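Colleague: The residues making up each chain are set out below.
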Amino acid sequence: MSIDAVDRRIIAATQGGLAFEAAPYAVVADRLGLSEAEVIDRLASMQARGVIRRIGAAPNHYALGLTANGMTVWDVDDAVAVVLGEKVGALDDVSHAYLRPRNLPQWPYNLFAMVHGTTRAEVEEKRARIAVLLGEACRTHDVLYSTRILKKTGLRLVEGDR
Amino acid sequence: MKRKAAHELDATNRRILNALQEGFPLVPRPYAAAAAELGLTEAALIGRLKAMRESGVITRFGPFFDAAALGGAFCLCTMAVPEERFEAVAEAVNARPEVAHNYARAHQLNMWFVLATETPDRIEAAASAIEAGTGIPVLRFPKLHEFFIGFRVAA
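From first to last, the protein sequence lines are chains A and B. Quick note on this note's numbering: the first sequence kicks off at -15 and runs consecutively. Quick note on this note's numbering: the second sequence kicks off at 118 and runs consecutively.
Chain B with its partners taken away, still in its complex shape:
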């Protein structure tokens, strides 16, 4: 997938991204309503959004759900993986469907992943299974408090 650098985004796409990170209207013709605010036609807005989605500038367009409200359970986990075993352990961890995402980070605790399951007991089961399969302790960092964020990326 081609990734466009920020400087490749034209002024109109930047305006679209800055305006449409939230507040997409809940009306029968929402693209038309949003386009009117931006001074674009409905077709132009749809075409630009589609192109940005296809090029990977937009990763998703739609409603963002509160994960906890959906009844799921989540836990940030980390492991200190010996460098020589890193790829094999990454493969084993990623193979589990409970692993929603996984990042390598520069630290002694060098693998950080999020477990997402339908119920809390399955978090424990998945973490234990990873420990058993790899022989490496999994530190669990469940969320105690989330600070609600108004984060918007400036395009």
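So that you can see chain A by itself, here it is in the shape it has in the complex:
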């Protein structure tokens, strides 16, 4: 999934978002001294290669009323963690799922799955569904609710070539 210097310039120019103008790719092209067609082709190529995951809107969870945000954490048998993680990640209610190293004895959990809901009760229901899905492969689990956003900045790529 390599990206070249021109790709990097396009990424830097679009990571803050597209212009709300009729021809947003032409706006990017003008700024970078490229043709509109090249910008579109390169974005399409980056999407095909997985560098771009999607193009569209990121709704604010809180603005949509999804104010309960629980990081559910699970101690899943390593032998089946990838297979079960795929199933957890595929659930509609899960926005992110990762395997991470345990940190024993303080932290026995290796599967992290972020769950959103309008209330904590709703998050608990979703957590219960994950518990059923994991079954006996899960030894113990917990949920950590966020109580405050202390800092939030988007991913920022340094402008220019590295």
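The set of hints was computed from the structure by calculation and includes no laboratory data. Any given hint might turn out to be false.
Unchecked claim - Just some of the chain A residues that point at chain B, by a computed CB distance under 10 Å:
| # | residue |
| --- | --- |
| 1 | Ser(-14) |
| 2 | Ile24 |
| 3 | Pro43 |
| 4 | Asp61 |
| 5 | Ala65 |
| 6 | Gly69 |
| 7 | Tyr82 |
| 8 | Arg84 |
| 9 | Asn94 |
| 10 | Ile133 |
| 11 | Lys136 |
| 12 | Thr137 |
Claimed, not checked - Negatives, chain B to chain A, calculated, CB over 10 Å:
| # | residue |
| --- | --- |
| 13 | Glu201 |
| 14 | Pro237 |
| 15 | Asp238 |
Keep in mind that this is a model prediction, so the values were computed, not measured. Think of the CB as a built atom: it goes at the ideal place given N, C-alpha and C, for glycine as much as any other residue.
Model the placement of chain B on the given structure of chain A, informed by the hints.
Modeller: For chain B alone, coordinates are given in the frame of chain A:
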């Protein structure tokens, strides 16, 4: 910034949000193409998206990049911060540019933040610097495996 509750979104904005979380067209007039699918005019779609962006209903509109593909390094980190020191430690952690986001969570490990750097060695340097500056151990949880997600919020 004014935050609109879900019930304040009208049916058209809900349709827009449900339709445009992915698949925005890569054509010269993408808003016109997307608007046609939604039965709206290009100007109406642009106006509604702009208003939702300004009111904070949409946090960003555009391409979402795979962070790893950009060559960056990321690590989820956590600390158990004594309550009486929480604000000061939050300030010190947030002041570091490597800290992309930081959440308070209800747990003994009460501060969870993501370090984002251009190279993996800078993750270690940033985590060590936070430990040195605060005297509190930083547990590192690098990603071992990511499950690709088709998550869409229903508006």
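Colleague: Minimum Cβ distance from Ile24 of chain A to chain B below 10 Å?
Modeller: Since chain B brings a Cβ to about 5 Å from Ile24 of chain A, closer than 10 Å, the hint holds.
Colleague: Using the nearest Cβ pair, does Tyr82 of chain A come within less than 10 Å of chain B?
Modeller: holds, 5 Å
Colleague: Checking hints one by one. Is Ala65 of chain A an interface residue toward chain B, by the C-beta closer than 10 Å rule?
Modeller: holds, 8 Å
Colleague: Confirm or reject the statement that Pro237 of chain B sits farther than 10 Å, beta carbon to beta carbon, from all of chain A.
Modeller: holds, 14 Å
Colleague: Please verify that hint: Asn94 of chain A, Cβ, nearest Cβ of chain B, below 10 Å or not.
Modeller: Result: holds, 8 Å to nearest chain B Cβ.
Colleague: How about Pro43 of chain A: closest beta carbon in chain B under 10 Å, or not?
Modeller: holds, 5 Å
Colleague: Holds or violated: the hint that Gly69 of chain A contacts chain B, with Cβ atoms closer than 10 Å.
Modeller: holds, 5 Å
Colleague: Mind verifying the non-interface call on Glu201 of chain B? Its CB should be farther than 10 Å from each CB in chain A.
Modeller: With a cut-off of 10 Å, Glu201 of chain B remains clear of chain A, as the shortest Cβ separation is near 16 Å.
Colleague: Take the shortest C-beta to C-beta distance between Ile133 of chain A and chain B; is it under 10 Å?
Modeller: Holds. Min distance 6 Å.
Colleague: Against chain B, run the beta carbon of Arg84 of chain A and see if the smallest gap drops under 10 Å.
Modeller: holds, 4 Å
Colleague: Does Lys136 of chain A hold up as a contact with chain B if the rule is Cβ-Cβ below 10 Å?
Modeller: The hint holds - Lys136 of chain A has a Cβ within 10 Å of chain B, the shortest such distance being about 5 Å.
Colleague: Restraint: Ser(-14) of chain A near chain B, CB-CB cut 10 Å. Satisfied or not?
Modeller: holds, 9 Å
In the structure shown, a violation is registered for the earlier hint numbered 4 alone.
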